[in-house]
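> Can you build the whole structure from these sequences, using the hints too?
Listed below, chain by chain, are the residues.
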Amino acid sequence: MSTTAPKPNSAGLKAATADDLVLLIHDPIDPATLIDHVRTAADGAVVTFDGCVRNQSHGRRTLYLDYEAYESMAVAKMREIAAAARAQFSIDRVAIAHRLGRLDIGETSVFVAVSAPHRPAAFDACRFAIDTLKRTVPIWKKEYFEDGAMWADGELPPPPLAGPLDTPKAKPAS
Amino acid sequence: MALLTNHREGYNSFVAPVSPTIRVKVLFFGRLKEIIGRAEDSVDLAEGAPIEALFARYGASHPELAGFRSSLVASRNQEFAAWSTPLVSGDEVAFLPPVSGG
Numbered sequence: 001m002s003t004t005a006p007k008p009n010s011a012g013l014k015a016a017t018a019d020d021l022v023l024l025i026h027d028p029i030d031p032a033t034l035i036d037h038v039r040t041a042a043d044g045a046v047v048t049f050d051g052c053v054r055n056q057s058h059g060r061r062t063l064y065l066d067y068e069a070y071e072s073m074a075v076a077k078m079r080e081i082a083a084a085a086r087a088q089f090s091i092d093r094v095a096i097a098h099r100l101g102r103l104d105i106g107e108t109s110v111f112v113a114v115s116a117p118h119r120p121a122a123f124d125a126c127r128f129a130i131d132t133l134k135r136t137v138p139i140w141k142k143e144y145f146e147d148g149a150m151w152a153d154g155e156l157p158p159p160p161l162a163g164p165l166d167t168p169k170a171k172p173a174s
Numbered sequence: 001m002a003l004l005t006n007h008r009e010g011y012n013s014f015v016a017p018v019s020p021t022i023r024v025k026v027l028f029f030g031r032l033k034e035i036i037g038r039a040e041d042s043v044d045l046a047e048g049a050p051i052e053a054l055f056a057r058y059g060a061s062h063p064e065l066a067g068f069r070s071s072l073v074a075s076r077n078q079e080f081a082a083w084s085t086p087l088v089s090g091d092e093v094a095f096l097p098p099v100s101g102g
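In the order they appear, the protein sequences are chains A and B. Heads up, the first sequence is in the numbering used here, so the first residue is 1 and it goes up one at a time. Heads up, the second sequence is in the numbering used here, so the first residue is 1 and it goes up one at a time.
By construction, these hints were calculated from the structure, which means they are not laboratory data. A hint or two may mislead.
Cut-off 25 Å, straight-line C-alpha distance, at most; resulting in silico cross-link-like pairs (SDA-like, lysine to any residue) [said to hold, decoys possible]:
#1 142(A) with 86(A)
#2 142(A) with 66(B)
#3 25(B) with 87(A)
#4 33(B) with 90(A)
#5 33(B) with 39(A)
#6 142(A) with 64(B)
#7 33(B) with 157(A)
#8 134(A) with 44(B)
#9 25(B) with 72(A)
#10 134(A) with 86(B)
#11 134(A) with 76(B)
Structure below.
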């Protein structure tokens with residue numbers, strides 16, 4: 001996974017800003033790359049979320065998943081999440097990577113890393129980033145079972161008139 | 001034959017000032033892509049037509065879409081958009097099923 005030299009022709013592989021790293025890739029995600037990206041000498045904490053492919057869904061044995069995305073919009077929304085997280089929490093850097101294509105059981109589908117001087121903000125921002133990603137980023141997964149395949153039940157993004165990614169007001173953790 | 005063609009063209013230009021049309025790009029994902037049978041389309045619409053009218057056009061040719069309408073969100077140029085949003089030429093529209101990333 002190359003994070004320092006994005007291929008110009010790959011719509012999904014772009015850095016968000018100098019400080020945020022946003023990736024949409026078909027290759028396996030390398031968590032160390034994201035962690036290294038966010039960790040600086042000013043940080044006392046790095047919190048990560050590793051989302052991985054589970055072996056069952058609603059009691060049915062999953063064989064593998066296939067992810068697809070509206071890539072240009074997904075990258076833009078992931079950038080917005082990183083910016084919103086930095087605006088809302090006292091954090092340093094954000095790195096978000098989501099993988100596309102076929103993923104087998106146990107593989108990482110999404111990885112978030114957040115650095116901060118102090119751990120509470122890093123925990124909160126990491127939670128905000130993954131929760132918001134799951135609600136608003138146009139990515140879809142199809143679940144393949146032994147007896148068929150189906151698109152996963154998803155979440156309806158918030159009403160468009162609310163504008164781009166309002167940061168929720170101290171939404172209680174659930 | 002040439003005479004008939006000329007006649008029809010003359011007739012049309014005389015009677016109907018055709019409202020200007022726009023061309024928009026339409027993208028389909030997930031379940032919608034399977035229903036429509038393609039990932040991308042290019043459509044001519046009357047200028048200012050709302051996203052809703054574009055969706056209705058596909059609903060007419062694919063009746064099974066009607067059941068999905070309430071679970072879809074529309075986007076225009078990579079940003080979530082209201083169904084009433086008027087379209088202009090060159091817009092990129094997508095009908096997004098409930099998202100399930102992560």
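> Each hint needs a verdict: does it hold in this structure or not?
Evaluation of the provided hints:
no.: 1; hint: 142(A) with 86(A); in the structure: 32 Å, violated
no.: 2; hint: 142(A) with 66(B); in the structure: 21 Å, holds
no.: 3; hint: 25(B) with 87(A); in the structure: 34 Å, violated
no.: 4; hint: 33(B) with 90(A); in the structure: 41 Å, violated
no.: 5; hint: 33(B) with 39(A); in the structure: 40 Å, violated
no.: 6; hint: 142(A) with 64(B); in the structure: 20 Å, holds
no.: 7; hint: 33(B) with 157(A); in the structure: 19 Å, holds
no.: 8; hint: 134(A) with 44(B); in the structure: 34 Å, violated
no.: 9; hint: 25(B) with 72(A); in the structure: 14 Å, holds
no.: 10; hint: 134(A) with 86(B); in the structure: 28 Å, violated
no.: 11; hint: 134(A) with 76(B); in the structure: 20 Å, holds
Taken one by one, the earlier hints fail for this structure at numbers 1, 3, 4, 5, 8, 10, listed in ascending order.
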